[in-house]
Structures are given as structure tokens and as C-alpha cells.
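**Q** Can you build the whole structure from these sequences, using the hints too?
From first to last, the protein sequence lines are chains A and C. First residue of the first sequence: 1, per our numbering; consecutive thereafter. First residue of the second sequence: 1, per our numbering; consecutive thereafter.
Keep in mind the hints are simulated off the structure, nothing from the lab. Here the structure is a predicted model, which means the values were calculated and not measured. Built from N, CA and C at the ideal position, the CB exists for glycine as well. Warning: the hint list may mix true and false statements.
[Claimed, not checked] Simulated restraints on C-beta separations:
#1 Gly40/A <-> Ser96/C: 22 to 32 Å
#2 Met50/C <-> Arg41/A: 21 to 31 Å
#3 Lys111/A <-> Asn51/C: 41 to 51 Å
#4 Ser96/C <-> Arg60/A: 21 to 31 Å
#5 Asn30/A <-> Lys69/C: 22 to 32 Å
#6 Glu70/C <-> Gly40/A: 22 to 32 Å
#7 Asn98/A <-> Ser82/C: 44 to 54 Å
#8 Pro8/A <-> Lys71/C: 23 to 33 Å
#9 Gly59/A <-> Pro83/C: 41 to 51 Å
#10 Arg54/A <-> Asn26/C: 12 to 22 Å
#11 Gln14/A <-> Thr113/C: 16 to 26 Å
#12 Glu62/C <-> Arg54/A: 36 to 46 Å
#13 Glu53/A <-> Gly63/C: 25 to 35 Å
[As the list claims (entries may be wrong)] List time: in silico SDA-like cross-link candidates among lysine to any residue, alpha-carbon distance up to 25 Å:
#14 Lys26/A <-> Ser96/C
#15 Lys57/C <-> Asn30/A
#16 Lys56/A <-> Trp100/C
#17 Lys69/A <-> Gly40/A
#18 Lys99/A <-> Val52/C
#19 Lys26/A <-> Asp59/C
#20 Lys99/A <-> Asn84/C
#21 Lys70/A <-> Asn84/C
#22 Lys99/A <-> Gly58/C
#23 Lys56/A <-> Ala19/A
#24 Lys99/A <-> Ala19/A
#25 Lys99/A <-> Gly16/C
#26 Lys99/A <-> Arg99/C
#27 Lys99/A <-> Arg44/C
#28 Lys26/A <-> Arg99/C
#29 Lys57/C <-> Leu88/C
#30 Lys70/A <-> Gly40/C
#31 Lys71/C <-> His45/A
#32 Lys99/A <-> Lys71/C
#33 Lys99/A <-> Glu101/C
#34 Lys69/C <-> Gly42/C
#35 Lys69/A <-> Arg99/C
#36 Lys99/A <-> Ser87/C
#37 Lys26/A <-> Gly40/C
#38 Lys57/C <-> Pro106/C
#39 Lys99/A <-> Gln37/C
#40 Lys71/C <-> Asp59/C
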Amino acid sequence: SQQGEEDPQALSIQEGENATMNCSYKTSINNLQWYRQNSGRGLVHLILIRSNEREKHSGRLRVTLDTSKKSSSLLITASRAADTASYFCATASMEYGNKLVFGAGTILRVKS
Amino acid sequence: EAQVTQNPRYLITVTGKKLTVTCSQNMNHEYMSWYRQDPGLGLRQIYYSMNVEVTDKGDVPEGYKVSRKEKRNFPLILESPSPNQTSLYFCASSLSATRWEQYFGPGTRLTVT
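**A** Below you can see the structure in the form of C-alpha cells.
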């Protein structure tokens, strides 16, 4: 299985609710990054969290990192219809050299 | 505006007809990379380049070539496309391979018949 795996695969919520997506990985990492992709478009970087950090915020986004559990979560608060997209985690690890390893993504649908 | 551009955005071609997808970035990034995205398989790296004249294979390099003659450009070449190369392709650039965020192009949807 892949280095980064997101959970759930798909999530459907009402506008205004919070959305939480999780990412688990296998090796020790240097950093973990979250990206958003609107349907058929290029990925957009959201947040990068380094291995010595536990939590980062950016607007309505909150990312946590638990290196002991090899997992990260992305929380989107007060979701909007415009947040409808696929969300990917990507890990940077010495084991994988000069590349980010992307998970399969979580498809988020926010209903208005 | 900082951006990565790809051309063409859409391409339908036939098996065996050589094609090139161009990629250009205006951020003076050293690192550039090509990915393909397929349903159920996620994003897979094809080739990457750490700097001018330095390229290396990613996870799925078979059937592709790249070159990095200038810092801003990183074209992807399919010498003899086959139907299994039908996919959505993304170019990305970054200050470094993994320590900083990657900037993605808008994608090229390729269909090989």
C-alpha cells in the first residue's frame, strides 16, 4: 500500500459543518503537505507541516501531525460549497529521496 | 503572477505519433517534476529534474522522455504514445524537491487512440 493513505475516501457534509480528513504514512518523514484539487485542475498547496511541528493553522484550516502514530489530520472549519474538492496529503521522507509521495486523496463534497 | 504553464491543455492523438507537452515556470525554481494522475492510482511521478541538465526517473518513466536545457522549461516527450498513456498530466515546480511546497500547472488531458 502507499506511503500516504487518506481516510475517508469520500466525505459529504452540509455547509457550515466541519470536515476532518486523516492521513497515515509508514516511514519517518521530514515534512507532510496537504494539497487541494478542484475537479480536473492542478493541485494547490494548502499547508506544509514539518516533522518537529505538531499543529499549524491557515485561515479555516488546521493541520495536526502525530509522528508517534505516523498520522496527520486536516480540519476545515465552517465549510463552504467552494471547499468541495479532493484533498491529498503528500509526505517527504529520506526513504523516498527526492520526491513527494502523494496519497490517493479524500473527495470532499460540501452541500449548500 | 507566479505560475506554471502547460501546453496543450487537451490533446487527442493516435498511437505512435510523437508529441511534446511543454511546461514552463516563472519562479526561478530549481526543481521541476512531471506527474500523471489516473483514477484509483493517484498521482505518480514520471520524471523530475533537480536543476538544468539534471534529470532522473520517477516511479513510472517508461515511454517518456524529458529534457532540462533551461531552468524555466521542462518538456515531456512521448516518442511513441500508446493508449495506456491516456491520462491527466501535471507539471510542478518548487524551490527544492521536498522541503518546500510544489506549484502545479493546470494539467494536460491526453487521450491516445
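**Q** Now look at each hint and say whether the structure bears it out.
**A** Consistency of the hints with the structure:
A beta carbon spacing of about 28 Å between Gly40/A and Ser96/C agrees with the range 22 to 32 Å that was offered as a hint. For Met50/C and Arg41/A, the Cβ-Cβ distance of about 26 Å falls inside the hinted range of 21 to 31 Å, so the restraint holds. In this structure, Lys111/A and Asn51/C meet the distance hint of 41 to 51 Å, their C-beta atoms being roughly 46 Å apart. The given range of 21 to 31 Å is respected by Ser96/C and Arg60/A, whose C-beta atoms sit roughly 28 Å from each other.
Under the hint 22 to 32 Å, the C-beta atoms of Asn30/A and Lys69/C, about 30 Å apart, fit the expected range. Separated by about 29 Å at the C-beta atoms, Glu70/C and Gly40/A satisfy the suggested range of 22 to 32 Å. Checked against the given bound of 44 to 54 Å, the beta carbons of Asn98/A and Ser82/C, roughly 28 Å apart, lie outside it. Taking the beta carbon of each, Pro8/A and Lys71/C are about 41 Å apart, not inside 23 to 33 Å as hinted.
At about 42 Å, the CB distance of Gly59/A to Pro83/C agrees with the hint of 41 to 51 Å. Take Arg54/A and Asn26/C: their Cβ atoms lie about 35 Å apart, and the range 12 to 22 Å is violated. In this structure the supplied range 16 to 26 Å is violated for Gln14/A paired with Thr113/C, their Cβ-Cβ distance being about 42 Å. Checked against the given bound of 36 to 46 Å, the beta carbons of Glu62/C and Arg54/A, roughly 41 Å apart, stay inside it.
Take Glu53/A and Gly63/C: their Cβ atoms lie about 39 Å apart, and the range 25 to 35 Å is violated. Annotation: proposed proximity of Lys26/A to Ser96/C holds, straight-line Cα distance about 23 Å (limit 25 Å). This hinted pair checks out: Lys57/C and Asn30/A have alpha carbons roughly 22 Å apart, not beyond 25 Å. Taken as a hint, the Lys56/A and Trp100/C pair is honoured in the structure, with Cα atoms around 15 Å apart against an allowance of 25 Å.
A C-alpha spacing of about 32 Å is found between Lys69/A and Gly40/A, which places the hinted pair above 25 Å, so the restraint is violated. Restraint check for Lys99/A and Val52/C: the C-alpha separation of about 17 Å stays at or below 25 Å, so the hint holds. For the suggested pair Lys26/A and Asp59/C, the alpha carbons sit about 18 Å apart, so the restraint of at most 25 Å is met. Taken as a hint, the Lys99/A and Asn84/C pair is honoured in the structure, with Cα atoms around 24 Å apart against an allowance of 25 Å.
For the proposed pair Lys70/A and Asn84/C, the alpha carbon gap of about 34 Å is over 25 Å, so the pair is violated. With a CA separation close to 8 Å, the supplied pair Lys99/A and Gly58/C stays within the 25 Å bound. For the proposed pair Lys56/A and Ala19/A, the alpha carbon gap of about 16 Å is at most 25 Å, so the pair holds. A hinted pair counts as satisfied when its Cα atoms are at most 25 Å apart, and Lys99/A with Ala19/A does not qualify at roughly 28 Å.
For the suggested pair Lys99/A and Gly16/C, the alpha carbons sit about 30 Å apart, so the restraint of at most 25 Å is broken. In summary, the hint linking Lys99/A to Arg99/C is supported, as the alpha carbons are separated by about 10 Å, within the 25 Å threshold. For the hint linking Lys99/A to Arg44/C, the alpha-carbon distance of about 10 Å falls within 25 Å, and the restraint holds. Taking the CA atoms of Lys26/A and Arg99/C, the gap is about 19 Å. The hint holds against a cut of 25 Å.
Using a Cα cut-off of 25 Å, the hinted pair Lys57/C and Leu88/C holds, with the two alpha carbons roughly 19 Å apart. For the suggested pair Lys70/A and Gly40/C, the alpha carbons sit about 23 Å apart, so the restraint of at most 25 Å is met. In summary, the hint linking Lys71/C to His45/A is supported, as the alpha carbons are separated by about 22 Å, within the 25 Å threshold. For the hint linking Lys99/A to Lys71/C, the alpha-carbon distance of about 18 Å falls within 25 Å, and the restraint holds.
For the hint pairing Lys99/A with Glu101/C, the CA-to-CA distance comes to about 11 Å; that is within 25 Å, so the pair holds. Among the hinted pairs, Lys69/C with Gly42/C is inconsistent with the structure: their alpha-carbon atoms are about 29 Å apart, more than 25 Å. Note on Lys69/A and Arg99/C: the hinted pairing holds, with a Cα-Cα distance of about 22 Å set against a maximum of 25 Å. A threshold of 25 Å between alpha carbons decides the hint, and for Lys99/A with Ser87/C the separation of about 20 Å falls inside it, so the pair holds.
For the given pair, Lys26/A sits about 20 Å from Gly40/C by alpha-carbon distance, which is consistent with the 25 Å threshold. At roughly 22 Å between alpha-carbon atoms, Lys57/C and Pro106/C fall within 25 Å of each other, so this suggested pair holds. For a cut-off of 25 Å, the pair hint linking Lys99/A to Gln37/C stands: about 16 Å separates their Cα positions. For a cut-off of 25 Å, the pair hint linking Lys71/C to Asp59/C stands: about 23 Å separates their Cα positions.
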